[in-house]
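What follows is the residue order along each chain.
There are 2 protein chains.
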Amino acid sequence: MADFPKSILIKEEGPREGFQIEPGPIPTSRKIELIDALSETGVKHMQIVSFVNPKRVPGMADAEDVVRGFTPKPGVEYTGLWLNEKGLERARATGKLALEGKISLYPSEKFLLRNNNRTLEQQIEYVHRVLDEYEQQGITVERGSISNAFGCNFEGDIPIPKVVAMVGQIYDIAKEHGLNITELTLADTMAWATPLQVKRTIGAIREKYPEIEISLHLHDTRGMGIANAYAGLEMGVAMFDACVGGLGGCPFAGHKGAAGNVCTEDLVFLCDELGIGTGIDLEKMIECARLAEDIAGHPLPGSVMKGGSLKRLRAAARQGRE
Amino acid sequence: MADFPKSILIKEEGPREGFQIEPGPIPTSRKIELIDALSETGVKHMQIVSFVNPKRVPGMADAEDVVRGFTPKPGVEYTGLWLNEKGLERARATGKLALEGKISLYPSEKFLLRNNNRTLEQQIEYVHRVLDEYEQQGITVERGSISNAFGCNFEGDIPIPKVVAMVGQIYDIAKEHGLNITELTLADTMAWATPLQVKRTIGAIREKYPEIEISLHLHDTRGMGIANAYAGLEMGVAMFDACVGGLGGCPFAGHKGAAGNVCTEDLVFLCDELGIGTGIDLEKMIECARLAEDIAGHPLPGSVMKGGSLKRLRAAARQGRE
Numbered sequence: 004m005a006d007f008p009k010s011i012l013i014k015e016e017g018p019r020e021g022f023q024i025e026p027g028p029i030p031t032s033r034k035i036e037l038i039d040a041l042s043e044t045g046v047k048h049m050q051i052v053s054f055v056n057p058k059r060v061p062g063m064a065d066a067e068d069v070v071r072g073f074t075p076k077p078g079v080e081y082t083g084l085w086l087n088e089k090g091l092e093r094a095r096a097t098g099k100l101a102l103e104g105k106i107s108l109y110p111s112e113k114f115l116l117r118n119n120n121r122t123l124e125q126q127i128e129y130v131h132r133v134l135d136e137y138e139q140q141g142i143t144v145e146r147g148s149i150s151n152a153f154g155c156n157f158e159g160d161i162p163i164p165k166v167v168a169m170v171g172q173i174y175d176i177a178k179e180h181g182l183n184i185t186e187l188t189l190a191d192t193m194a195w196a197t198p199l200q201v202k203r204t205i206g207a208i209r210e211k212y213p214e215i216e217i218s219l220h221l222h223d224t225r226g227m228g229i230a231n232a233y234a235g236l237e238m239g240v241a242m243f244d245a246c247v248g249g250l251g252g253c254p255f256a257g258h259k260g261a262a263g264n265v266c267t268e269d270l271v272f273l274c275d276e277l278g279i280g281t282g283i284d285l286e287k288m289i290e291c292a293r294l295a296e297d298i299a300g301h302p303l304p305g306s307v308m309k310g311g312s313l314k315r316l317r318a319a320a321r322q323g324r325e
Numbered sequence: 004m005a006d007f008p009k010s011i012l013i014k015e016e017g018p019r020e021g022f023q024i025e026p027g028p029i030p031t032s033r034k035i036e037l038i039d040a041l042s043e044t045g046v047k048h049m050q051i052v053s054f055v056n057p058k059r060v061p062g063m064a065d066a067e068d069v070v071r072g073f074t075p076k077p078g079v080e081y082t083g084l085w086l087n088e089k090g091l092e093r094a095r096a097t098g099k100l101a102l103e104g105k106i107s108l109y110p111s112e113k114f115l116l117r118n119n120n121r122t123l124e125q126q127i128e129y130v131h132r133v134l135d136e137y138e139q140q141g142i143t144v145e146r147g148s149i150s151n152a153f154g155c156n157f158e159g160d161i162p163i164p165k166v167v168a169m170v171g172q173i174y175d176i177a178k179e180h181g182l183n184i185t186e187l188t189l190a191d192t193m194a195w196a197t198p199l200q201v202k203r204t205i206g207a208i209r210e211k212y213p214e215i216e217i218s219l220h221l222h223d224t225r226g227m228g229i230a231n232a233y234a235g236l237e238m239g240v241a242m243f244d245a246c247v248g249g250l251g252g253c254p255f256a257g258h259k260g261a262a263g264n265v266c267t268e269d270l271v272f273l274c275d276e277l278g279i280g281t282g283i284d285l286e287k288m289i290e291c292a293r294l295a296e297d298i299a300g301h302p303l304p305g306s307v308m309k310g311g312s313l314k315r316l317r318a319a320a321r322q323g324r325e
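Residue numbers (my numbering), protein chains in the order written: chain E, 4 to 325; chain H, 4 to 325.
Since the hints were derived computationally from the structure, they do not count as laboratory data. Keep in mind that the hints are not guaranteed to be accurate.
When chains are identical, the list treats them as one kind, so a pair holds in a single copy or across two.
Capping the alpha-carbon separation at 35 angstroms, the derived lysine-lysine pairs in DSBU-like fashion look like this [said to hold, decoys possible]:
| no. | residue 1 | residue 2 |
| --- | --- | --- |
| 1 | Lys105 | Lys211 |
| 2 | Lys178 | Lys165 |
| 3 | Lys99 | Lys211 |
| 4 | Lys58 | Lys9 |
| 5 | Lys202 | Lys58 |
| 6 | Lys178 | Lys314 |
| 7 | Lys9 | Lys89 |
| 8 | Lys47 | Lys202 |
| 9 | Lys178 | Lys211 |
| 10 | Lys165 | Lys76 |
| 11 | Lys314 | Lys202 |
| 12 | Lys113 | Lys314 |
| 13 | Lys314 | Lys14 |
| 14 | Lys211 | Lys76 |
| 15 | Lys287 | Lys113 |
| 16 | Lys76 | Lys113 |
| 17 | Lys113 | Lys178 |
| 18 | Lys287 | Lys211 |
Being a predicted model, the structure only gives us computed values, none of them experimental.
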């Protein structure tokens with residue numbers, strides 16, 4: 004019935020996705036408080052800041068201070084997001100973050116223009132330039148990334164063959180630089196995906212590139228986040244981005260909606276129930292979601308943080324029977 | 004990949020599920036306003052009140068007034084919920100509701116005691132008594148219903164064989180009364196279900212009772228509502244209860260969580276995207292969700308009412324290309 008993975012890697016992006024879009028201002032110390040609490044949940048990978056133009060994303064103006072302030076936990080990888088050379092330089096300068104290069108392409112040129120201020124041609128030129136720089140600086144590049152892989156508020160539906168062709172473009176670019184791409188992130192940046200489209204897109208990519216490991220970056224703006232993640236799990240996807248409490252949302256997505264990324268603790272709950280390992284302590288993650296809500300100062304969309312896990316209920320029911 | 008139905012019937016339960024749990028008090032006129040607005044969305048079936056003890060469920064004390072006040076739309080079936088003979092008599096006395104009998108069993112006796120104040124033995128006796136009464140009064144009975152089919156806050160996990168055996172009990176009871184059960188509702192009353200369990204349970208029931216049409220009553224307390232509905236769709240389920248805006252929740256479920264039933268407009272959005280007919284106008288349903296939120300006086304958990312449908316975005320993107 005399904006090709007579930009035995010375990011998955013959840014990349015926590017709440018601090019980055021969340022604090023870049025929250026109206027704020029949120030004190031740097033509270034951002035650090037959440038990052039340090041998340042470090043204790045069993046999370047193995049966390050994206051904590053983005054190095055972007057503080058005029059466009061004021062919530063990330065304190066990125067350097069956040070990185071300076073948090074306490075790294077051994078075994079956890081901390082990363083930052085950048086969209087240009089200047090951002091990369093800022094990330095490197097912190098000396099505290101894992102620097103992961105990736106090849107980012109966008110089937111929606113309209114979004115690319117708004118988000119990164121480049122045409123697709125300019126993006127490909129940029130990627131080549133950046134890969135040269137990565138090579139000089141010894142930064143590993145093993146990942147490709149396709150944003151708006153399932154649809155775009157500005158471009159409309161994205162045909163699956165266009166996405167598959169874009170995987171080919173990523174491979175071609177990588178080949179020119181002698182790189183081996185092993186991971187491909189499909190981002191549903193604006194929440195256009197349905198579970199069916201997730202399955203079909205992954206199926207079409209796997210048919211042509213069976214060796215590539217796919218990861219999913221899902222948004223929950225239209226309530227499909229967990230259903231889309233489950234579709235991914237059924238297709239054997241073993242890597243997901245997620246945000247504690249359902250924090251997040253792209254500042255340039257062009258819609259109001261409250262909901263952000265697929266919610267970490269809801270995804271952990273689902274995996275726990277399915278017997279899929281995450282390495283994350285659900286109860287601790289729920290505590291982090293409550294902390295994130297307190298920091299954001301408004302209710303977050305996560306469900307399990309409100310409805311609770313089944314652990315205590317199961318234990319109580321078991322006791323009642325004994 | 005999936006056994007999707009061509010179209011589904013969504014039974015709207017927002018007015019009943021929602022207004023029985025809202026802390027209120029909500030003016031009768033506003034309940035009627037929502038019911039009348041829902042009648043214009045294309046919904047074909049709506050449960051609008053419950054006839055229960057007003058001391059236990061004060062939000063439903065005005066059930067008769069609500070039924071008296073709403074304007075029935077031709078082609079829409081309006082129903083009420085009852086849990087005992089007195090409730091049935093009240094429903095009948097309105098003269099305005101479709102009276103549908105059903106055989107309700109509960110794999111969790113602990114819930115049965117709290118919700119209906121009966122043991123399972125007493126419930127079966129009650130069902131026999133009620134079926135006799137239905138026969139005398141000429142009320143059709145074609146539906147079986149299993150509450151807490153996927154787990155219970157008091158009883159814990161519900162083994163699938165127990166649910167399958169309960170379907171057999173329903174058939175046995177029906178046989179004694181010469182009834183033909185064609186529909187079976189599985190209710191995830193306390194939001195224990197995962198998509199995998201939904202598929203496995205339906206599969207196990209179908210193996211033994213291939214002819215029965217299954218409907219799903221899903222709650223979203225732990226964020227799995229739409230994923231569970233999608234699992235149902237993949238299994239060919241063509242009947243769903245849902246609540247506009249995600250209103251609802253059972254007053255005796257024993258948890259706080261904000262989230263209620265699976266959200267009607269989110270489910271309609273999913274079906275629209277999958278090409279599965281619902282007969283419901285999504286934009287009108289979104290308007291109803293906003294009305295429901297206004298009536299409830301607090302944010303409702305629905306997502307598409309906040310994130311918006313894709314219709315206008317698609318049209319704008321198409322125009323941009325022309």
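Here is what the structure says about each hint:
no. : hint            : verdict
1   : Lys105 x Lys211 : within (21 angstroms within a copy, 51 angstroms between copies)
2   : Lys178 x Lys165 : within (20 angstroms within a copy, 57 angstroms between copies)
3   : Lys99 x Lys211  : neither (38 angstroms within a copy, 59 angstroms between copies)
4   : Lys58 x Lys9    : neither (43 angstroms within a copy, 50 angstroms between copies)
5   : Lys202 x Lys58  : neither (38 angstroms within a copy, 49 angstroms between copies)
6   : Lys178 x Lys314 : neither (49 angstroms within a copy, 40 angstroms between copies)
7   : Lys9 x Lys89    : neither (39 angstroms within a copy, 52 angstroms between copies)
8   : Lys47 x Lys202  : both (26 angstroms within a copy, 31 angstroms between copies)
9   : Lys178 x Lys211 : within (17 angstroms within a copy, 55 angstroms between copies)
10  : Lys165 x Lys76  : neither (40 angstroms within a copy, 46 angstroms between copies)
11  : Lys314 x Lys202 : both (31 angstroms within a copy, 22 angstroms between copies)
12  : Lys113 x Lys314 : between (46 angstroms within a copy, 18 angstroms between copies)
13  : Lys314 x Lys14  : both (24 angstroms within a copy, 32 angstroms between copies)
14  : Lys211 x Lys76  : neither (39 angstroms within a copy, 53 angstroms between copies)
15  : Lys287 x Lys113 : between (40 angstroms within a copy, 30 angstroms between copies)
16  : Lys76 x Lys113  : neither (39 angstroms within a copy, 45 angstroms between copies)
17  : Lys113 x Lys178 : within (27 angstroms within a copy, 63 angstroms between copies)
18  : Lys287 x Lys211 : neither (40 angstroms within a copy, 42 angstroms between copies)
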